[in-house]
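The numbers in the numbering used here rise by one with no breaks, and the one at position 512 of the sequence shown is 512.
Because the hints were derived from the structure by calculation, they are not lab data. One or more of the hints may lead you astray.
What the hints assert, rightly or not - The calculated BS3-like cross-link candidates involving lysine-lysine, where the alpha carbons are at most 27 Å apart (straight line), are:
| no. | residue 1 | residue 2 |
| --- | --- | --- |
| 1 | K164 | K250 |
| 2 | K256 | K154 |
| 3 | K181 | K250 |
| 4 | K290 | K245 |
| 5 | K172 | K197 |
| 6 | K113 | K38 |
| 7 | K330 | K358 |
| 8 | K245 | K164 |
| 9 | K80 | K102 |
| 10 | K164 | K249 |
| 11 | K330 | K376 |
| 12 | K335 | K322 |
| 13 | K173 | K113 |
| 14 | K242 | K200 |
| 15 | K376 | K326 |
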Amino acid sequence: MVKILSKSILLILSIVLLAGCEGLPDSYVDEFERMPGKQDRLARFIEQRNTELKELSNHTDSEFLTPYSQNENWAQHFVKATSQLTKAQSLYDNEISAIYDKDDPKDATSVFKLNRAFAELIQNSTSSARYVNERIAFLIETRENAQAIQTKAKQQLFEIDRIKEELLKLVKKTISVYPNKLNDLNAKLSSIDELVKNSKSSSALLNTQHDKLSDSSTKFIDYAIIGDQAIMIERNLSDVNKQQKETQKKISQLEKSYIKVLADQRIEYFLVIRRASWCEGEYCGNGSEKIYSPIKVDSKVFEYFDSSQIETLATIRRSWGKETFKINVKKDMWKALALNERYRWSRGHTHADYWIQKLYSKTFHKYVEIENDQSKETGWQSVSETYFWKQYDNLGMAIITKPYGFYEEDAISDAQPVGMATIAEPVMKDGVATGANRYGEWRQSNGLSFWHYYGMYHMYRGLIGPSRYGYNDWSGYNSRRRGSSYYGRNNRWGTFGSSTYSNSRYQNSGFARANSGAVYSARTGKGASSSSVRGASSSNRNRGPSSRGK
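Let's have the full structure, built from the sequences with the hints guiding it.
Rendered as structure tokens:
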């Protein structure tokens, strides 16, 4: 299906490119010219095959085939073939011919669709006309190989039963571990049960006819039933195999746990300055332009220039032997650019303008990835600016969580405190939280309940920090609004959470070093706001002159 769509897209793209040519593409014209011949040949083919059916009595196996011809109404397939051909002829006469007569390249897309519709009608009509001959060959082959067909069908039914029993054991075992998937897995079993039921029904019909082979008193054996039901069993086996693989794949997902934690983040800001220089004189020409290499700046400088409405940052002018260098922006902002104003300066030029050609940023993440009981930390990875700002508030948070017992599509992409989704729902006994799962268990200390991770999942404790999740933490998480990030009560976690920087990992992160003020505010509980350049997108300015001089 993907390949077909890709081909269609390429064809449509070709059509668009060809639309600028005079007339319709040659390949379309050639196809149009072949259409009358296709219609004539198909009409003769239908007539020939229909005549053969009418003269079925002349066939060497006419006595064998005639009952099937009557019972299955083979003649209807030629009626259908004729109807489909008539539709193709009507499409050709009423729409295709007219649009080809116009020969307008703008109609290329419409022509492509009409050609495809015509080809589909011709193909369907041809298939209908071929049906009777193919059916005759099928019935004769079934008669000649009835014993082998029955044996194969019997083996396939046995295989269907075997797969069902094997899958039943796996599903029961899985449900005992993950009872939350009982309904879903039972639904998958029910689908296979239906295929097994249908296969047994087909087998019974097939065997009834097959048993007649050894009964000399039998006057008629329905080989259509033998052949058709054998095909049905074969298709059911294919479906059962497919569903088994899909179910096994789903179950294997339940046995996989992974969490992706935003461990660090950074953004780099860049400006590109452009300069036009020239001289004032009769033979100076048009001057020249120079684009400086990108200049890396901090967020303050970037924000200033990004929001500035000043078109020309600075100018150089010389008059009567005196040169004047004028800065039109704040001097400390200009100084921050550390620009060599005369870099590759053209000899003889006396004037220059400087402006911003482009502003852009580069954004990066580091992650800690935990899969089952193993963890690893990535290096810096480039991410899109959109994704960077989407996750900006989530430092130290799990941005993807898929606990054991979840399918891949159940993975949680809402940011939340690391491991919060892995905590077992507590069972309250005498006011104390109890319960356990593969990750850990509820414990008590000084009358308070807290979640304890088992040794193999110690990496969770390292990502959470010195504090532990208590019952109130879990209760707040459980009552959160689904579909949105959760930062805990009083926004304790995340980039601006007070608990985040109690963990040395985030205290010493690149983000913390680059944003010490925001981190201090978070740690002292004063809160912080995200960067004022949040979401500032790359932009081209081209504010300066394109050429100067005389």
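Exercise. Of the hints given before, which are not true for this structure?
Worked result: 2, 4, 9, 11, 13 and 15
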